[in-house]
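Let's have the full structure, built from the sequences with the hints guiding it.
Residue 12 in our numbering sits at position 4 of the first sequence, with consecutive numbering throughout.
These are calculated hints, taken from the structure and not from any lab test.
A couple of the hints might just be wrong.
Claimed, not checked - Restraint ranges, calculated between C-beta atoms of paired labels, are given here:
| id | residue 1 | residue 2 | range |
| --- | --- | --- | --- |
| 1 | Asn93 | Glu57 | 28 to 34 Å |
| 2 | Phe104 | Lys51 | 19 to 25 Å |
| 3 | Thr95 | Met9 | 32 to 38 Å |
| 4 | Lys92 | Asn50 | 21 to 27 Å |
| 5 | Gly71 | Leu17 | 18 to 24 Å |
| 6 | Leu106 | Glu57 | 15 to 21 Å |
| 7 | Arg21 | Glu100 | 17 to 23 Å |
| 8 | Glu13 | Lys92 | 33 to 39 Å |
| 9 | Gly76 | Phe11 | 21 to 27 Å |
| 10 | Met9 | Glu100 | 31 to 37 Å |
What the hints assert, rightly or not - Computed cross-link-like contacts, DSBU-like style, restricted to lysine-lysine with a CA-CA straight-line distance of at most 30 Å:
| id | residue 1 | residue 2 |
| --- | --- | --- |
| 11 | Lys51 | Lys24 |
| 12 | Lys51 | Lys79 |
| 13 | Lys65 | Lys101 |
Beta carbons: idealized from backbone N, C-alpha and C, even for Gly.
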Amino acid sequence: MSFAERVYLACARIPKGRVSTYGEIARALGCRAYRAVGNALNKNPFSPEVPCHRVVKADGSLGGFARGARKKKESLEREGIKIKNGTIEDFEKVFFRL
DNA sequence: CTAATGACATTTG
DNA sequence: ACAAATGCCATTA
9 MSFAERVYLA
19 CARIPKGRVS
29 TYGEIARALG
39 CRAYRAVGNA
49 LNKNPFSPEV
59 PCHRVVKADG
69 SLGGFARGAR
79 KKKESLEREG
89 IKIKNGTIED
99 FEKVFFRL
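This is the structure we're talking about:
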């Protein structure tokens, strides 16, 4: 089981309509490799299977997205997450602590 | 094995 | 508040 695999599993735990951060994912895995988490999600071999779009930066901004940040924003809004000028509103509310 | 690279995070200027 | 500099950790070349 590689690090990336664990990342995907953790990601899959995030409920619809909530978001989490790269750092939080790393913390849930028992380390602080938030950079590595980003790399794992970027590869993302399980594209629609694992909801990688629910993972954002710690400051509430969306961060990057392999298929374009635009798409990511739309996906999140579709799940009921409001975004204001590239930043998530009520970030503290929708934040999902693993 | 060493070096380079990020969908990051925090601190400083 | 914003931009730049540092630190971070696993992966990959």
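Verification of the supplied hints:
1. Between Asn93 and Glu57, the C-beta spacing of about 30 Å keeps the proposed range 28 to 34 Å intact.
2. Judged by the Cβ atoms, the range 19 to 25 Å given for Phe104 and Lys51 holds: they are separated by roughly 22 Å.
3. The beta-carbon spacing between Thr95 and Met9, approximately 34 Å, falls within the hinted interval of 32 to 38 Å.
4. For Lys92 and Asn50, the Cβ-Cβ distance of about 25 Å falls inside the hinted range of 21 to 27 Å, so the restraint holds.
5. For Gly71 and Leu17, the hinted distance range of 18 to 24 Å is satisfied, since their beta carbons lie about 20 Å from each other.
6. The hinted range of 15 to 21 Å is satisfied by Leu106 and Glu57, whose Cβ atoms lie roughly 18 Å apart.
7. The given range of 17 to 23 Å is respected by Arg21 and Glu100, whose C-beta atoms sit roughly 19 Å from each other.
8. Checking the proposed 33 to 39 Å range against Glu13 and Lys92 shows it holds: the Cβ atoms sit about 34 Å from each other.
9. In this structure the supplied range 21 to 27 Å holds for Gly76 paired with Phe11, their Cβ-Cβ distance being about 26 Å.
10. Taking the beta carbon of each, Met9 and Glu100 are about 32 Å apart, inside 31 to 37 Å as hinted.
11. At most 30 Å may separate the alpha-carbon atoms for a hinted pair to count; Lys51 and Lys24 meet this at roughly 22 Å.
12. Distance check on the hinted pair: Lys51 and Lys79 sit about 17 Å apart at the alpha-carbon level, within 30 Å; holds.
13. Distance restraint check for Lys65 and Lys101: the Cα-Cα separation of roughly 15 Å lies within the 30 Å cut-off, and the hinted pair is therefore satisfied.
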